Amino acid sequence: MVVAAHLQGAASTGFMRRFDSLQRMTFDELCTALRYNFRSPLDRLEISAAIGSTTKKATESYADFSHRLSTIAATMNDGEESIATAEDAMATFVKNAWPQHRASLFSCVKMQSADPWREMEEAIKYLTKVADHDGRRRFSSTHPTPSRDRPVPTKRSEPSAPTTSNRRAKTPRRDFSNA
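Going by our numbering, the sequence shown opens with residue 1, and the numbers climb by one from there.
Just so you know, the hints here were simulated from the structure itself, not pulled from any lab data.
Predicted model, so just to flag it, every value in this text is computed and none were measured.
Just to be clear, a hint being listed does not mean it is correct.
16 Å max Cα-Cα, derived EDC-like pairs, lysine to aspartate or glutamate [as the list claims (entries may be wrong)]:
#1 Lys110 x Glu87
#2 Lys125 x Asp64
#3 Lys110 x Glu122
#4 Lys95 x Glu122
#5 Lys57 x Asp134
#6 Lys110 x Glu121
Just need the whole structure built from these sequences, with the hints factored in.
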């Protein structure tokens, strides 16, 4: 079945264990059973709090962050996206995607729209244009590489000479890894 290829975790295991009985169901019955058996154990208030506290990951694009928020919000409605869940996801996206541009993002996005999915796409396009990238942080360019002309510190085997200041000299570290 095509559905089995898209299931993960406990849903995949449960599907494989009950394959014979589930195969006799219609697609609609199967979807209803999967939603009932593997829905989120959190109530609506806890899911709403989880959406509100979700922040964008550094390696995540704006589109990926939007999708993750929409997925979390859809759990309030048993996995089905609605206008209300899309608006919740969009509000969190505007708040947490790039806090420095929150005010300008509010001005270009209609928060109470008949089509919140289109507004979310507009918000993603706006942030991509303003940032001049898709939202993913490039780690290779953010961390400077150490210079080659700097001497590499070596391990000291003797305690250092006493200093003339009031600071106490560091005691050498002992290696107990072979003990």
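Task: Hints the structure fails to honour - done: Structure breaks no hint.
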